[in-house]
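Starting from the known structure of chain A, arrange chain B on it as the hints suggest.
Residue numbers (numbering that gives the first Met the number 0), protein chains in the order written: chain A, 0 to 397; chain B, 0 to 397.
Hints are supplied without guarantee of correctness; some may be wrong.
Any copy, or any two copies together, can satisfy a pair, since identical chains are not distinguished.
[Said to hold, decoys possible] DSS-like, lysine-lysine: derived pairs with alpha carbons at most 27 Å apart:
| # | residue 1 | residue 2 |
| --- | --- | --- |
| 1 | K236 | K123 |
| 2 | K123 | K5 |
| 3 | K272 | K357 |
| 4 | K328 | K61 |
| 5 | K21 | K352 |
| 6 | K349 | K23 |
| 7 | K5 | K35 |
| 8 | K22 | K350 |
| 9 | K352 | K23 |
| 10 | K23 | K61 |
| 11 | K22 | K349 |
| 12 | K21 | K350 |
| 13 | K357 | K329 |
| 14 | K249 | K284 |
| 15 | K21 | K374 |
| 16 | K328 | K374 |
| 17 | K352 | K22 |
| 18 | K35 | K284 |
| 19 | K272 | K338 |
| 20 | K21 | K349 |
| 21 | K5 | K249 |
What the hints contain is simulated information worked out from the structure, not anything from laboratory work.
Below are the chains, spelled out letter by letter.
Protein chains: 2
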Amino acid sequence: MKKDAKYSVPGFLASAVSAGLKKKGVLDLSLIFSQKEAVAAGIFTTNNVKAAPVLLSQDRIKRGLVRAVIVNTGYANACTGEQGLNDAIQTADTVSQGLQIDPEDVLVASTGVIGAYLPFDRVKRAIPKLITNLSPHGFRSVAEALMTTDSFSKISYFEGTAGGTSFHLLGLAKGAGMIMPNMATMLSFLVTDISIDYRTLWPLFRSAAESTYNRITVDGETSTNDMVLIMANGVAKNKRLNRKDTQQFKRGLTHVMGELAYMIARDGEGATKAVIVEVRGGATKNDAHTAARAVANSNLVKTAIFGRDPNWGRIMAALGRSGVAMDEKKVQIGINGTKIVDSGLMVSEKKEKEAAEKMKKTDQITIAIHLNQGKYTDRMLTCDLTYDYIRINADYRT
Amino acid sequence: MKKDAKYSVPGFLASAVSAGLKKKGVLDLSLIFSQKEAVAAGIFTTNNVKAAPVLLSQDRIKRGLVRAVIVNTGYANACTGEQGLNDAIQTADTVSQGLQIDPEDVLVASTGVIGAYLPFDRVKRAIPKLITNLSPHGFRSVAEALMTTDSFSKISYFEGTAGGTSFHLLGLAKGAGMIMPNMATMLSFLVTDISIDYRTLWPLFRSAAESTYNRITVDGETSTNDMVLIMANGVAKNKRLNRKDTQQFKRGLTHVMGELAYMIARDGEGATKAVIVEVRGGATKNDAHTAARAVANSNLVKTAIFGRDPNWGRIMAALGRSGVAMDEKKVQIGINGTKIVDSGLMVSEKKEKEAAEKMKKTDQITIAIHLNQGKYTDRMLTCDLTYDYIRINADYRT
Chain A
0 MKKDAKYSVP
10 GFLASAVSAG
20 LKKKGVLDLS
30 LIFSQKEAVA
40 AGIFTTNNVK
50 AAPVLLSQDR
60 IKRGLVRAVI
70 VNTGYANACT
80 GEQGLNDAIQ
90 TADTVSQGLQ
100 IDPEDVLVAS
110 TGVIGAYLPF
120 DRVKRAIPKL
130 ITNLSPHGFR
140 SVAEALMTTD
150 SFSKISYFEG
160 TAGGTSFHLL
170 GLAKGAGMIM
180 PNMATMLSFL
190 VTDISIDYRT
200 LWPLFRSAAE
210 STYNRITVDG
220 ETSTNDMVLI
230 MANGVAKNKR
240 LNRKDTQQFK
250 RGLTHVMGEL
260 AYMIARDGEG
270 ATKAVIVEVR
280 GGATKNDAHT
290 AARAVANSNL
300 VKTAIFGRDP
310 NWGRIMAALG
320 RSGVAMDEKK
330 VQIGINGTKI
340 VDSGLMVSEK
350 KEKEAAEKMK
360 KTDQITIAIH
370 LNQGKYTDRM
380 LTCDLTYDYI
390 RINADYRT
Chain B
0 MKKDAKYSVP
10 GFLASAVSAG
20 LKKKGVLDLS
30 LIFSQKEAVA
40 AGIFTTNNVK
50 AAPVLLSQDR
60 IKRGLVRAVI
70 VNTGYANACT
80 GEQGLNDAIQ
90 TADTVSQGLQ
100 IDPEDVLVAS
110 TGVIGAYLPF
120 DRVKRAIPKL
130 ITNLSPHGFR
140 SVAEALMTTD
150 SFSKISYFEG
160 TAGGTSFHLL
170 GLAKGAGMIM
180 PNMATMLSFL
190 VTDISIDYRT
200 LWPLFRSAAE
210 STYNRITVDG
220 ETSTNDMVLI
230 MANGVAKNKR
240 LNRKDTQQFK
250 RGLTHVMGEL
260 AYMIARDGEG
270 ATKAVIVEVR
280 GGATKNDAHT
290 AARAVANSNL
300 VKTAIFGRDP
310 NWGRIMAALG
320 RSGVAMDEKK
330 VQIGINGTKI
340 VDSGLMVSEK
350 KEKEAAEKMK
360 KTDQITIAIH
370 LNQGKYTDRM
380 LTCDLTYDYI
390 RINADYRT
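The shape of chain A in the complex, shown without the other chains (with noise of 0.2 Å):
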């Protein structure tokens, strides 16, 4: 993680504008273009009501090839039938003759309020200057174009060395609210130079996804319009990589989408604290998630933490209810390294004590659960629920 890297990688280049999508002057349409052709691969929600540029982008990545990719925030173009369709094909359209490409090398991507008509005659008339724009350096403008009920903008960086040279690897997202995973969770972008083919980039790429951006959840909601994109152009001109080098570049994945993931819980809609919940001694494998995930969705763990509780008894009630395999006299918890439970029954007060210290004192909280059923493990990534989460998403639209 170099803080201070240029956030470029060879051969990308990103521009973002405000197209008066969102409040005046906010930027709110970005554009991330490869000047070669990119290998390319895509996760995409698996909600049944898929927005329309999910249903464009999933369908026009199949051939593995993307040149550039459309983002706008304030319209998920969602639940807008053929007439969205119709307005994320003209936008990818626009780009295109733009950019003097073919228009199915061009993806959309889009985020924000469901069921209302993307304005298409704005996003028209900014994409000539968004095109003009575009630069080597436009990743952070992009980084906080994306951005809707985030509080910061998320971007991570990777350099690594594969098939005897460097390569780069910068990745972005946004997040905030509807985040529950069940593949892609919420948008976000990843852009290489490295040379892979499909075939060696579609399952490292998916195995990171699984363990980082499918194992956040802020609110058990999944969004209609998830999307997780990476793009690779090559452009590093790497010999083909060996078992060493990918095994370096699946580092750099799950460095860069893990960062992502953890920046995303962190800033869940009015979080103040991530959280982690840690599952050991599943008796399956998904046993472990199970545990993990009911612990993570549960509104009284979640308010709990916000006021500084170790409430352990709402942890065992979400375990129990959860439907695992368990024996409640064997389940042990700690809360940032302080065992407050073993064999189901309460340390001491003093331990509960120690534990509410440490809650208060940081802003990540580790809850560590043992089952003592076997020898799966898991963990999800979460936050507290606040009154800001009200506030965001009751006022949201009115």
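This is chain B only, laid out in the frame that chain A set:
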């Protein structure tokens, strides 16, 4: 529903006292006593983590006969191991000695903080007064004593005719938080003087619970302590119930349990509105239920309702992630009788505004969804998600 009913049932006595388990002077310990042995049936939490009183009562009710139930608030007596079980047994023993009945005829129910040990000495000290105070008119104070974060006490009454004579049915409940069905979802006690055998009572009771208590969700949580108990003492001396009588009794059960279920949803922690989610046109029974539950448990839908915002995009997104068979283009959504979505698209901004106006003027919101996939229907009761839910649950122990 007789608002002015005396709230008594022949052959049953009740009382409530302050045992110092909650704030000083607040009713927190109550007793229901049947002067005759009563046919009884119970439904208990499906949470794998079961409180000591649940374990005890679940075992004792197997005989189908009960004389008394003692209920405390303030302490859930859950996750308290051997000592907790012992405390529950001793509580029942003390009651049985005072009433001079078989200890096996006494059930125990508790609600409150998980993980803390029941201060049995305080319970023991209060039991003599509890017994002295027993009266046919004690049910109102029991309803009050059941309250934890409830904002009003919940009581419902029904009088009917069966087997040639009149019978009475009185129901009490507490709800508020940690409410999601899957069998029982809170504490509820029903007493009736009807003469009925266990084999007739059980299926009627279970089916009434299925369509009422098992259709409420406040926050998707299932408590460790949930218990619904019915006692029928036969004091009405009706003749053996024929088919018509059974239907009449079932109507009473559904009325009383339905009314209590509605009160629980309306009084969800911090709630300002009761929300009814009706799903029609499900491809299967399970789909209709899953869809209704996904919408009713969606934090985003619930915060939108708090904001009086007919944000149907969130309803569509919740339906989409629920995994049920659906075609976005066939979905219809109405709010309090105003159709705002047809064929998956917004009907008009005018209709949305009309729905928003209606939401401002009432404290009962009905979301009517038609999936147009088949003939199955279901409904769930819930409430909005508000600042006060956060306040109540962040501050609960601290």
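Going through the hints against the structure:
no.: 1; hint: K236 with K123; in the structure: neither (35 Å within a copy, 81 Å between copies)
no.: 2; hint: K123 with K5; in the structure: neither (30 Å within a copy, 71 Å between copies)
no.: 3; hint: K272 with K357; in the structure: within (12 Å within a copy, 37 Å between copies)
no.: 4; hint: K328 with K61; in the structure: between (50 Å within a copy, 24 Å between copies)
no.: 5; hint: K21 with K352; in the structure: between (46 Å within a copy, 21 Å between copies)
no.: 6; hint: K349 with K23; in the structure: between (54 Å within a copy, 26 Å between copies)
no.: 7; hint: K5 with K35; in the structure: within (21 Å within a copy, 83 Å between copies)
no.: 8; hint: K22 with K350; in the structure: between (49 Å within a copy, 25 Å between copies)
no.: 9; hint: K352 with K23; in the structure: between (49 Å within a copy, 25 Å between copies)
no.: 10; hint: K23 with K61; in the structure: neither (36 Å within a copy, 68 Å between copies)
no.: 11; hint: K22 with K349; in the structure: between (51 Å within a copy, 24 Å between copies)
no.: 12; hint: K21 with K350; in the structure: between (48 Å within a copy, 24 Å between copies)
no.: 13; hint: K357 with K329; in the structure: within (25 Å within a copy, 51 Å between copies)
no.: 14; hint: K249 with K284; in the structure: within (22 Å within a copy, 44 Å between copies)
no.: 15; hint: K21 with K374; in the structure: neither (49 Å within a copy, 42 Å between copies)
no.: 16; hint: K328 with K374; in the structure: within (18 Å within a copy, 45 Å between copies)
no.: 17; hint: K352 with K22; in the structure: between (46 Å within a copy, 22 Å between copies)
no.: 18; hint: K35 with K284; in the structure: neither (41 Å within a copy, 52 Å between copies)
no.: 19; hint: K272 with K338; in the structure: within (20 Å within a copy, 40 Å between copies)
no.: 20; hint: K21 with K349; in the structure: between (50 Å within a copy, 22 Å between copies)
no.: 21; hint: K5 with K249; in the structure: within (22 Å within a copy, 72 Å between copies)
Consistency note: the structure conflicts with the earlier hints numbered 1, 2, 10, 15, 18.
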